[in-house]
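S.K.: Note that the protein sequences, when read in sequence, are chains A and B.
Position one of the first sequence corresponds to residue 1 (the working numbering), numbered consecutively onward.
Position one of the second sequence corresponds to residue 1 (the working numbering), numbered consecutively onward.
Derived by calculation from the structure, the hints in this document are not laboratory data.
Please note that the accuracy of each hint is not assured.
Derived DEER-like restraints, expressed as beta-carbon distance ranges [to be verified]:
hint	chain 1	residue 1	chain 2	residue 2	range
1	A	I454	B	F104	40 to 50 Å
2	A	L421	B	L12	49 to 59 Å
3	B	V11	A	A166	25 to 35 Å
4	B	V21	A	I207	56 to 66 Å
5	A	Y180	B	D71	27 to 37 Å
The beta-carbon is built from N, C-alpha and C at its ideal position, and this holds for glycine as well.
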Amino acid sequence: MEQTIISLKNFIPECVLIVTILVCLLADLIVRKKSAVVAVIGIAGLFVSGWFVIGQFGVKESVFFGMVVIDPYSVFFKLLFIVSTVFIILFSLASKEIKDSTHTNEHVYLMISLTLGANLMASSVNMLMMYLALETVSITSYVLAGYMKKSKRSSEAAMKYVIYGAASSGIMIYAMSLLYGYTGSMNIFEISSILSKMGGTNPMLVIVMVMILAGFGYKISSVPFHFWTPDVYEGAPIPVTGFLAVTSSAAGFAVLIRFFSVTFLKSTTMLNGSLQIIDGIRWTEIIIVLSVASMIIGNFVAVWQMSFKRLLAYSSIAQGGYIMLGLVVANQQGLTAIFVYLVAYMIMNLGAFYALIMISNKLNSDDINDMKGFAYRAPAVAVGMGIFMFALSGIPATVGFVGKFYLFSALIESNMIWLALVGMMNSVVSLFFYIKVLKYMFLSKPDEENSGKIYYGIAGYVLLFILVIPTLLLGIYFGPIVRFAEMSAVMFGLK
Amino acid sequence: MLESYIPIMLVLSFALIFAVVMINLSSLLGPSKPDKEKLSTYESGMEPIGTARERFSVKYYMVAVSFILFDLEVVFLYPWAISFINFPKAEMVYSLIVALIFIFILFVGLIYEYKKGVLKWD
Chain A
1 MEQTIISLKN FIPECVLIVT ILVCLLADLI VRKKSAVVAV IGIAGLFVSG WFVIGQFGVK
61 ESVFFGMVVI DPYSVFFKLL FIVSTVFIIL FSLASKEIKD STHTNEHVYL MISLTLGANL
121 MASSVNMLMM YLALETVSIT SYVLAGYMKK SKRSSEAAMK YVIYGAASSG IMIYAMSLLY
181 GYTGSMNIFE ISSILSKMGG TNPMLVIVMV MILAGFGYKI SSVPFHFWTP DVYEGAPIPV
241 TGFLAVTSSA AGFAVLIRFF SVTFLKSTTM LNGSLQIIDG IRWTEIIIVL SVASMIIGNF
301 VAVWQMSFKR LLAYSSIAQG GYIMLGLVVA NQQGLTAIFV YLVAYMIMNL GAFYALIMIS
361 NKLNSDDIND MKGFAYRAPA VAVGMGIFMF ALSGIPATVG FVGKFYLFSA LIESNMIWLA
421 LVGMMNSVVS LFFYIKVLKY MFLSKPDEEN SGKIYYGIAG YVLLFILVIP TLLLGIYFGP
481 IVRFAEMSAV MFGLK
Chain B
1 MLESYIPIML VLSFALIFAV VMINLSSLLG PSKPDKEKLS TYESGMEPIG TARERFSVKY
61 YMVAVSFILF DLEVVFLYPW AISFINFPKA EMVYSLIVAL IFIFILFVGL IYEYKKGVLK
121 WD
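With the hints as extra help, turn the sequences into a complete structure.
M.R.: What follows is the structure, given as C-alpha cells:
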C-alpha cells in the first residue's frame, strides 16, 4: 500500500488527465450540444497536468513496482504531448469538419485519452505496460480517425487503421512473448542485463527485434509499415490528422527510443560513452535501413501527390526517417538532436496543419489544384503556410533548419558521413514538393469564378500568428530548446 | 528443450487423426437417404422462416457491450471483496476508496450510455 501511495504522488499528472476525461465526458452530457465549454475544461485540465509535469523535472524514480519511470526523458515527452494536444483542441474548435460532424464534443476527451496513453508510452519500462499504453493510443486514434460518421472516406480510414493496427500490434506482442520466454523478464532493464550476460548470438533475437519494430514502426509510420499513413491521413478530419502526425508518432518514438537504447545496449554502458551494443544484436543497422528507406520513399512519393493531406502524410513518413537517424548514433548527442528535432517537428507540423485547416475550411477541399492563387485571396494565411513549408524543408532561419543541423552534426561527429549525406540529399528532394505548394499559391492566378477575397475571424489569425512566431524565432534564437533538449536527454537507469 | 513438446505433438496428432477418421467413418458406414425435409434447416422442429443471414439491430450489441463492462467489473471486484476481510484495519478504508473510485469510473460510463439513449429500446 505504501508503495502505491508513493507511486501515486509521482503519478499526479496522469491522474489529473483521467479526472479531466471524466469531467469532460459529464460536461458533454450536460451541455448536449456543440459548445466550447467542454474544450475549455479540457484545455484547463491539460494545463494543470502540464504544471504538475513541470514539477517532476529532475526527478528520477521508478514507480508502480517497476512498471513506469519518471525521468527527464519522459517529462520532455509529456510536455510535448500536452502542448500539442492543447493546440489540436484549439484547431478542432476552428475546424469545419469537426463542426459538421454528428458528434457533439466527444473529440475533446478522446484526444485527452490519447494524451494519457502517450504519456504512459513515454514513461513505461515494462513490455506489458508499453503494449497497454500503445493500445490505449491506438484504440483512441481509430475512433478519432472515423470521427466523421457520415463520411465514407473517414470510415474507410478508420477501418484500414484498425486492420493495420491489429496486425502489427499482434506481431509485436508475439515478439514480446518470445523475448519474455528467452529472458524470463518483462522489465527492460532486467532483460538488458540478462542479454548482456548471455550474449546476443541467438538468431531468434534478430527476429524478435524486427517483429517488435513492426509494432513501433507502425506508430511512427516508418517505411515497411507505412501503408496505412496516406489513406488514414486523407480520410480523417484535419485536426485528427495533425494529432496523429504529431502526438501519436512522437509517442511511438518515445517508446521506440527507450526500448532500443535500454534493452539492447550493454547494461554497464553509459549512454554518453562510446556505443556498446550487446554483442551480436546489431539493431542500429536495422534502424539505418528503415531510416534511409523512410526518407527516400517518403520524399520521392510525396513529389507526385496532389492532395495536400497525402503530401503531408508522405512528408511525415520522411520526417520520421530523419528522426530515426538520431537513434542510429545512440549516444547523448543523438538523443539531444532527436529532442531538438521533435520540438521543431511539433511546431512546424502543427502550423502546417492549422494553415491547411484554415484553407480547407473555405475551399472545402485539400487538393493543391484548388489552391491556385490562394495568396491573392488570403495573403496572411498563404504567407503563414509558406513559412511552415520552408521550415519543414529545413531552410535556414526557421526552426526546421535547427533540427536538421543538430541531427546531421551528430551523425558527422560519429563518422557516419554517408548517412548524413543521404539525409541532406533527401532534404533537397523534399524542397521540391514543399515549394510546389507555394508555387500553386503564389505564382498561379486564381480561377475567374472564385477569386474573391477570403476573410477569417481575428482568433484564426491570432492562432496562426502564435504558431508562426516560434517557427521563426526559435530558428534564430535556438539556445533555449537546445538547452532544454540537453537537460531532457537523461534516461532512467542510464547515466 | 524440444523433447518436452513431444507429448503435445502426440495429443495434437491424435486429435487430428481421430477427427478425420470419425467424420469419414460416419459418412462411409451410415445409410444416406436424403429427402427435402431432411435437407432443410433444422430449427427445433419448426418450419424454417426467412434466411439465416439476418441482420440484427445494433441495440443487441449495445446491450452486449454493457454486459461485458459490468461482467468485468464483477471479475475485478470479486477478489477484492473476498480478501477485504483479511486486510488490516488501517488499509480497509484505503481499499474501500480505491474500489469506489473504480466503480465510479464505470458508473460514469453507465451515465454516458443512459444519456446517449443506448438503453432505450425503441
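S.K.: The structure should be examined with respect to each hint, and the outcome stated for every one.
M.R.: A quick look at each hint next to the structure:
no.: 1; hint: I454(A) to F104(B): 40 to 50 Å; verdict: holds, 48 Å
no.: 2; hint: L421(A) to L12(B): 49 to 59 Å; verdict: holds, 54 Å
no.: 3; hint: V11(B) to A166(A): 25 to 35 Å; verdict: holds, 30 Å
no.: 4; hint: V21(B) to I207(A): 56 to 66 Å; verdict: violated, 37 Å
no.: 5; hint: Y180(A) to D71(B): 27 to 37 Å; verdict: holds, 28 Å
Figure legend: structure checked against the earlier numbered hints; the only hint not met is number 4.
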